[in-house]
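Enquirer: Single-letter residue listing:
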Amino acid sequence: MAVTVYIPGALRNEAEGAKSLDVEVDANATLGAVLDTVASRHPRLGRRVRDERGQVRRYVNVFIGDDECRTLSGVDTKVPDGTEVRILPSVAGG
Amino acid sequence: MSYLMAIGTKKGLFTATSDDRVNWDVTGPHRLGGDASTVQTGVYAIGIDTRRDTPRLFVGADSSHFGPSVWHSDDAGATWSEPADAPPIALPEDTDTAFARAWQFGFGPEPDVVFASGEPHSLFKSTDGGVTFELNRGLWDHPHRTEWFPGFGGAAIHTIMPHPTDPAKMSVAMSTGGFYQTEDGGASWNPTCQGIRADFFPEPYPEFGQCVHKAVRAAGDPSRFYLQNHGGVYRSDDGGHKWNSIAEGLPCDFGFAMVAHPHRTDSVLSFPVHADANRFLPDNRLQVHRSDDGGSTWREVSQGLPTEPYFGIVLRDAAATDAAEVPGYYFGTRCGDVFVSTEDSENWVQAASHLPDVLCVRAARM
Numbered sequence: 001m002a003v004t005v006y007i008p009g010a011l012r013n014e015a016e017g018a019k020s021l022d023v024e025v026d027a028n029a030t031l032g033a034v035l036d037t038v039a040s041r042h043p044r045l046g047r048r049v050r051d052e053r054g055q056v057r058r059y060v061n062v063f064i065g066d067d068e069c070r071t072l073s074g075v076d077t078k079v080p081d082g083t084e085v086r087i088l089p090s091v092a093g094g
Numbered sequence: 001m002s003y004l005m006a007i008g009t010k011k012g013l014f015t016a017t018s019d020d021r022v023n024w025d026v027t028g029p030h031r032l033g034g035d036a037s038t039v040q041t042g043v044y045a046i047g048i049d050t051r052r053d054t055p056r057l058f059v060g061a062d063s064s065h066f067g068p069s070v071w072h073s074d075d076a077g078a079t080w081s082e083p084a085d086a087p088p089i090a091l092p093e094d095t096d097t098a099f100a101r102a103w104q105f106g107f108g109p110e111p112d113v114v115f116a117s118g119e120p121h122s123l124f125k126s127t128d129g130g131v132t133f134e135l136n137r138g139l140w141d142h143p144h145r146t147e148w149f150p151g152f153g154g155a156a157i158h159t160i161m162p163h164p165t166d167p168a169k170m171s172v173a174m175s176t177g178g179f180y181q182t183e184d185g186g187a188s189w190n191p192t193c194q195g196i197r198a199d200f201f202p203e204p205y206p207e208f209g210q211c212v213h214k215a216v217r218a219a220g221d222p223s224r225f226y227l228q229n230h231g232g233v234y235r236s237d238d239g240g241h242k243w244n245s246i247a248e249g250l251p252c253d254f255g256f257a258m259v260a261h262p263h264r265t266d267s268v269l270s271f272p273v274h275a276d277a278n279r280f281l282p283d284n285r286l287q288v289h290r291s292d293d294g295g296s297t298w299r300e301v302s303q304g305l306p307t308e309p310y311f312g313i314v315l316r317d318a319a320a321t322d323a324a325e326v327p328g329y330y331f332g333t334r335c336g337d338v339f340v341s342t343e344d345s346e347n348w349v350q351a352a353s354h355l356p357d358v359l360c361v362r363a364a365r366m
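Heads up: the sequence lines are chains A and B, in that order.
Numbered per full-length UniProt numbering, the first sequence spans residues 1 to 94.
Numbered per full-length UniProt numbering, the second sequence spans residues 1 to 366.
It is worth saying that the hints were derived from the structure and are not from the lab.
Please note that a few of the clues may not be correct.
One side of the interface only, derived from the structure: several residues of chain A facing chain B at Cβ under 10 Å [as the list claims (entries may be wrong)]:
| # | residue |
| --- | --- |
| 1 | Pro-8 |
| 2 | Gly-9 |
| 3 | Leu-11 |
| 4 | Arg-12 |
| 5 | Asn-13 |
| 6 | Arg-47 |
| 7 | Val-49 |
| 8 | Glu-52 |
| 9 | Arg-53 |
| 10 | Arg-57 |
| 11 | Arg-58 |
| 12 | Val-60 |
| 13 | Pro-89 |
| 14 | Ala-92 |
Cβ atoms here follow ideal geometry from the backbone N, Cα and C, with glycine treated the same way.
The whole structure should be built from the sequences, with the hints applied where relevant.
Expert: Right under this line is the structure:
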């Protein structure tokens, strides 16, 4: 199945400038599997989003459709075919 | 002859170049590699490996959003590299712990071996010139590790001192952990804190757990160390095993940074802070103190520093020397000012001002 992952401006250089990536994953794939696929294509982008344990970094939000993944099942959330996944930095810092 | 100074701040890396170490051209904040986000990344560690034909710069930075990494540059900071396929520093999967940030780089006698320490309490070794690093298991698996507590700045090994000639020997220090040494290449580590105060423990002082803020190895005598503690200033003459107070003559015994003279065993700089509960400068005045007799006596060397009230202290890695024959000394403050002395620290000139909080400074002749 196909999922589209949108990349924030601050990280697009690590995705060769792409605003979004089309990702092919197995049916019933989890968000973790989607991010694994992104990381295999663009490893530096992958580790900006998740730490070495596979956890999404504290001030990074990953939306599955309209819902931030932490309000669902985090990286274990199932991602339906055609989903738009958005990686967005939190509003934080000063 | 040109000199490069690298300044790590809470919001990015700045560099400065100079031919005379008096007039400095400051640029930054620099983008590290490709990410736009690295322009305002906290730079906690800088290293300059001058053992190479072309000096290699290292930066350990930690983006509050996108995590930590280590970059290196072989062109004096014009461009930066970071491994693509794997992070330069990461904790192994079985630790179930994420690496937070690098705190210091160290260079020993072996070419292409680079050490890095960081948070959480960890030490790493690179054998490929500092491109990729591997965790030292001897220290990570030490039974004391669960009893090392985070200092106010974090649970980090902040100071690493490879022996200048013996690759088997190395010393490290950490806040609320103490001073540890290995003599077998990092396979085993032992605390050597005899004589160092730990006011937050009942006496007698413990074998480990002291809150060491900074330690430096003296030039010319690998068994001589100077140490700034969380209360207490010390010297060791026996390889860091037994420590004796050298605080007499300083305005106070609290502080973070120390810098050893790069060539003279008995010469060291201290940057006093008023006290544990009053972390401002003594008399609210920016000042540097120097000893040329191993800490037996101290004298203030603050010519050229601001004379008005000043409230920016010098953090533990924000002072350094360029190790030149006539050494330059460098330090930055939490007010974002950077000062340089090339007259044996007798007279300071301001090299940069109004930067973000200065976390670390390194300089070298390029």
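Enquirer: Run every hint past the structure and note whether it holds.
Expert: Hints, verified against the model:
| no. | hint | in the structure |
| --- | --- | --- |
| 1 | Pro-8 | holds (9 Å) |
| 2 | Gly-9 | holds (7 Å) |
| 3 | Leu-11 | holds (6 Å) |
| 4 | Arg-12 | holds (8 Å) |
| 5 | Asn-13 | holds (4 Å) |
| 6 | Arg-47 | holds (5 Å) |
| 7 | Val-49 | holds (8 Å) |
| 8 | Glu-52 | holds (4 Å) |
| 9 | Arg-53 | holds (6 Å) |
| 10 | Arg-57 | holds (5 Å) |
| 11 | Arg-58 | holds (9 Å) |
| 12 | Val-60 | holds (6 Å) |
| 13 | Pro-89 | holds (5 Å) |
| 14 | Ala-92 | holds (7 Å) |
When held up to the earlier numbered hints, the structure conflicts with none and fits them all.
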